[in-house]
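A.B. asks: The chain contents come next:
2 protein chains.
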Amino acid sequence: MNHIEVCFSPALYADYENKEAIVVVTDILRASSAIVTAFMNGVERLIPVGTLEEAKAYKNQGYMVAAERDGIVRDFADFGNSPYNFSADRVHGKEIVYSTTNGTRAIHLASSGHEVLIGAYLNLGALADYIRSCNRDLLILCAGWKNKFNLEDTLFAGALAGLVLADDRFTTICDSTHGAIDLYNLAKKDMMGYIEKVAQRHRLKKNGLDDVIAYCHEIDKTTMIPVFRKKSITLING
Amino acid sequence: MNHIEVCFSPALYADYENKEAIVVVTDILRASSAIVTAFMNGVERLIPVGTLEEAKAYKNQGYMVAAERDGIVRDFADFGNSPYNFSADRVHGKEIVYSTTNGTRAIHLASSGHEVLIGAYLNLGALADYIRSCNRDLLILCAGWKNKFNLEDTLFAGALAGLVLADDRFTTICDSTHGAIDLYNLAKKDMMGYIEKVAQRHRLKKNGLDDVIAYCHEIDKTTMIPVFRKKSITLING
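Protein chains in written order, with numbering that gives the first Met the number 0: chain X, 0 to 237; chain W, 0 to 237.
Source of the hints: derived by calculation from the structure; they are not laboratory data. Computed from a prediction, not measured in an experiment: that's the story for all the values here. Be careful, since some hints might not be right.
Cross-link-like lysine-lysine pairs, in silico, DSSO-like; alpha carbons within 27 Å at most [stated by the list, open to error]:
{"#": "1", "chain 1": "X", "residue 1": "K196", "chain 2": "W", "residue 2": "K188"}
{"#": "2", "chain 1": "W", "residue 1": "K147", "chain 2": "X", "residue 2": "K196"}
{"#": "3", "chain 1": "X", "residue 1": "K147", "chain 2": "W", "residue 2": "K145"}
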């Protein structure tokens, strides 16, 4: 039997770590939604880096760089973290270096797992199908907000866990998985209404960046699955 | 305006720490329910200690000691962590040293707050009234299970946060508080049914210790509020 667990914060990762598991990293508002969008628009490769110093060093080597902290684009960067920034005219065929407040750190942490996938609503169904086909444990790592629990990643974790659990080779005895599924089932009836209370929505709104919230909750816009291997993100099924 | 936050794990405490807040520590199955019960049965003082070595040292000094790990009473201890162990004939008028897997560590962590209270369903209403009367921030610290999120503490946090938020001098922009409230409102319709899925229920059952689950979810059996001050727990309103 394959087990599903959900880890609500990178700060708890050591307690959930499972080297045999497929690890899905999610940061719905906005990094994982932006990464999936970049591949939908033909990016060749993304290089996630944890620190702004690393991002700046790549910029000095001539790379295109997307970098933000707390939702704000850094001055040395070409653009920030909105999925809308990763348009086809900008990213098609390119290698892009990427650094965000929470998401890129979570991706590096997760690399102790068997395989690291990037999950968003945009590729939810394809991701669930692929995970079921792998027939091994699943750990969903929520990027959270500066180590804190966040609702938008939790809801996505619940959506994904629910789909994978429909396959009877998967089970869970993990309280955070049960909690995430119950919250998703509550929220999905009116997702945009529910998301009103999410702290990150208020942060984005304050900076005029909340135009992407509905887009980041659109389900199954693509079957592409980004995978993190050897320090860069490419497509598992490109 | 006073803010409410919920911290789902002692491992996240540093990210939620608020020195101005009332901190309520909860470990529903079973430490905080046992502590409240001990005071209902007339205990004079509880001394929570983090390690079994400390507990053993107190035992050698002649103290009565309650100590368990993973639900199992330690051989040097007088009894373990079940609320039923703290009966009046055993605890009335006594000072008792207490060490558990998750709860006692959480109590010590919380002592950076303005005041540390012990919360359980047994004293829920009195606790909410007292917190409202203090008119300052509230942080609810869930003891969890070995740093992991657990549902039973989360549901209690939701119950308490919901009661305190009914006072319009309190507000929250904390995602874990919203999540906890929503899960409590979902679970409370059939609490014993909901608790079926909780991992700790299965752990207790395996060891024949699940007889206390219904008792630990009984609401408002007392108005007593245990408080942790100067390394020991007494009653704030005894």
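A.B. asks: Would you mind marking each hint as holding or not holding in the structure?
C.D. replies: For each hint, the structure was consulted:
1. X:K196 to W:K188: holds, 23 Å
2. W:K147 to X:K196: Answer holds: K147 of chain W to K196 of chain X is near 25 Å, not above 27 Å.
3. X:K147 to W:K145: With a Cα-Cα distance of about 17 Å, the restraint between K147 of chain X and K145 of chain W holds, given a limit of 27 Å.
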